[in-house]
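When we follow the UniProt record's numbering, the leftmost residue of the sequence shown carries the number 1, and every step to the right adds one.
These are computed hints drawn from the structure, not numbers from a lab.
Accuracy of the hints is not assured; some may be wrong.
[Claimed, not checked] Derived pair list, reagent style DSBU-like, types lysine-lysine, alpha-carbon separation capped at 30 Å:
id, residue 1, residue 2
1, Lys374, Lys433
2, Lys149, Lys30
3, Lys367, Lys276
4, Lys588, Lys532
5, Lys359, Lys247
6, Lys588, Lys619
7, Lys526, Lys374
8, Lys276, Lys352
9, Lys276, Lys247
10, Lys451, Lys352
[Said to hold, decoys possible] Have a look at the derived ranges for each label pair, beta carbon to beta carbon:
id, residue 1, residue 2, range
11, Val313, Lys280, 58 to 68 Å
12, Gly223, Asp246, 45 to 55 Å
13, Ser94, Asp246, 34 to 44 Å
14, Pro221, Arg371, 30 to 40 Å
15, Lys280, Thr507, 56 to 66 Å
16, Val625, Arg371, 48 to 58 Å
17, Leu51, His415, 55 to 65 Å
18, Leu51, Pro230, 28 to 38 Å
From the three backbone atoms N, C-alpha and C, an ideal C-beta is built for every residue, glycine too.
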Amino acid sequence: MTAAQKETLGFQTEVKQLLNLMIHSLYSNKEIFLRELVSNASDAADKLRFLALSNGDLYEGDAELRVRVSVDKEANTITISDNGIGMSRDEVISSLGTIAKSGTAEFFQNLTGDQAKDSQLIGQFGVGFYSAFIVADAVTVVTRKAGEKAAVEWHSKGEGEYTLAEVEKEGRGTDIILHLREDEQEFLDDFRLRGIVTKYSDHISIPVEMYKEPVPESEGPDGEKIEAKPGEWEAINRATALWTRDKSEISEEEYKEFYKHVGHDWEEPLTWAHNKVEGKTEYTSLLYIPKKAPFDLWNRDRQGGLKLYVQRVFIMDDAEQFMPSYLRFVKGLLDSNDLPLNVSREILQDNKITQAIRKGCTSRVLKMLERMGKNKPEEYQTFWNEFGQVIKEGPAEDMANKEAIAKLLRFSSTHTDESTQNVSLEQYIERMKEGQDKIYYVVADSFEAAKNSPHLEIFRKKGIEVLLLSDRVDEWMMSHLTEFEEKQLQSITRGDLDLGDLDDEETKKAQEESEKEVEGLVERVKGVLGDKVKEVRFTHRLTDSPACVVADEHDMSSQMQKLMESVGQAVPEAKPVFELNPEHQLVKHLNVEQDEDKFAQWSEVLLDQALLAERGSLKDPAGFVTRLNKLMLDLSK
């Protein structure tokens, strides 16, 4: 190969930054590079096995798939070779010259400068190949795609550019040659490498082989002849799919390491469930709950799902048909005995077996999370902080499991000091007042807005707990979650307030008296405000505020209107119900105001204040300021 045959190209900008992190020893646990490269080689073998189902010629007469790890001490190199699917020239550029599928912008925005914390991000962004530069000052990749003749050599020192050249390669697959740095000689030790492979890659379902040196003929201590043994490649892992083994044979460490392989994550999982289902539908599932949310959890184009195997043959990554959208963070795999080997995504869409497996896996995940919430609340809080907003999509998507999903929900409330969402609906019911038959909640734009909502005043006075909701998805969720354990969920900003048995006769009598004192005010205010409001009425939900607005029982709430408008949906106009507190001094002042112009201005100002407290904005803020200034000037005379 001559220099003229080589082509020099530049890395994507973000790759340069990433390589700089790697080269400056981002990781304290350097041996992980071997796990990542062996894992990638195993994936390449899986993909070949799948494609060969419809085109056996891709095996090229060699159907024994394997990964080989070899050392050349003189050249100071480690080589990881596989006979998997291999890569074409374009695939090399796409996979090794860019991080096109890894969300690089988000990755670098999340870097903190703390090496320990930053190292955990790498796994979330799918850049395992670049871990090679943790120990190597140069990397060479020689690869030939199965079924093609041309092979490609990729070479880089991680300094901003790489070279490409067309070469010859006898077998299909990929060889990755790491040119080790001078201070990484420990990885040239055969025993050290075997230990790393056994530790991290024992679960790989194809053999990971290392060369066993020949043994010359020799004489034993008693003079007996010991025959020579030729050198050979030997498997140093079990080469048995971990999920096919009995649970009692698998250690926690093996489960955790397998998760890092199947989930492409550098952190350990929070929990997992390994089950073999027999009967009408037979399948094995190994499902993991991650500790951290992926950076692209909210990306609509993000591919997610489980790895699908059929009779231990890899079929596809990201089979989303087996898990509902609100559980899209679950990682793991399924191995079915009932699906055909040539199953496609289209067949999976309406397949009865798929539906049965999906139902079973969904139920298993929900039960796994419920157990975590009851038995390991601290771990569950970690989970909720990462994935709670995704779970909140569940009540609208999965009617069959609505009650089970509701048990997983966590909220802030007036009985907690912080914004942390750690109150379950079951805990709320346990703390309900005697005579209380509803679960009360308020939805607002922020925790502070919810916590300081005027609608809470009567509830605080009576010591009734109210759930405080402020996530964008909350209003949508609550429109589908109307009941839990036979208790109705009631928004305190919707409809007329009826506390039922929580109000004693003495209180009700006092409320009636206060309304009589300002009798006729409602009609006057309604006459001034006209069609700006749907209705004007007295309320006793307030203790410190003069007025508030609420949504009619059958109208869309202000939060739902905002949500629909934010996604470009047309929103039908819903006029608010204007409620006055007859016991407040401002309302009493309004009642005795004889100047009709001032009466109108006071009515408008009270409505605008109520709208501002409820919605956080006004259609005509300048008009509100003008009216308020005029009234203040009148009072100062």
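Hint check results:
Only pairs whose Cα atoms come within 30 Å are accepted, and Lys374 paired with Lys433 is accepted, the gap being roughly 23 Å. Between Lys149 and Lys30 the CA atoms are separated by roughly 36 Å; this puts the pair beyond 30 Å, and the hint is violated. With a CA separation close to 16 Å, the supplied pair Lys367 and Lys276 stays within the 30 Å bound. With a C-alpha separation of about 22 Å, the suggested pairing of Lys588 with Lys532 holds against the 30 Å cut-off.
As the CA atoms of Lys359 and Lys247 are separated by approximately 22 Å, the hinted pair is consistent with the 30 Å bound. Restraint check for Lys588 and Lys619: satisfied, since their Cα atoms lie roughly 27 Å apart, inside the 30 Å limit. A threshold of 30 Å between alpha carbons decides the hint, and for Lys526 with Lys374 the separation of about 52 Å lies outside it, so the pair is violated. Only pairs whose Cα atoms come within 30 Å are accepted, and Lys276 paired with Lys352 is accepted, the gap being roughly 19 Å.
With a C-alpha separation of about 10 Å, the suggested pairing of Lys276 with Lys247 holds against the 30 Å cut-off. Between the alpha carbons of Lys451 and Lys352 the distance comes to roughly 47 Å, so the proposed pair goes past 30 Å and is violated. Distance hint for Val313 and Lys280: a CB-CB separation of about 22 Å, inconsistent with the stated range 58 to 68 Å. In this structure the hint that Gly223 and Asp246 lie 45 to 55 Å apart at CB holds, the actual value being about 47 Å.
A C-beta distance of roughly 41 Å is found between Ser94 and Asp246, which places it inside the suggested range of 34 to 44 Å. Between Pro221 and Arg371 the Cβ separation comes to about 59 Å, which falls outside the hinted range of 30 to 40 Å. Look at Lys280 against Thr507: about 59 Å separates their beta carbons, and that is inside 56 to 66 Å. The hinted range of 48 to 58 Å is satisfied by Val625 and Arg371, whose Cβ atoms lie roughly 55 Å apart.
With their beta carbons about 58 Å apart, Leu51 and His415 fall inside the hinted range of 55 to 65 Å. Between Leu51 and Pro230 the CB atoms are about 34 Å apart, so this pair conforms to the stated range of 28 to 38 Å.
Of the numbered hints given earlier, the model fails hints 2, 7, 10, 11 and 14; all others are met.
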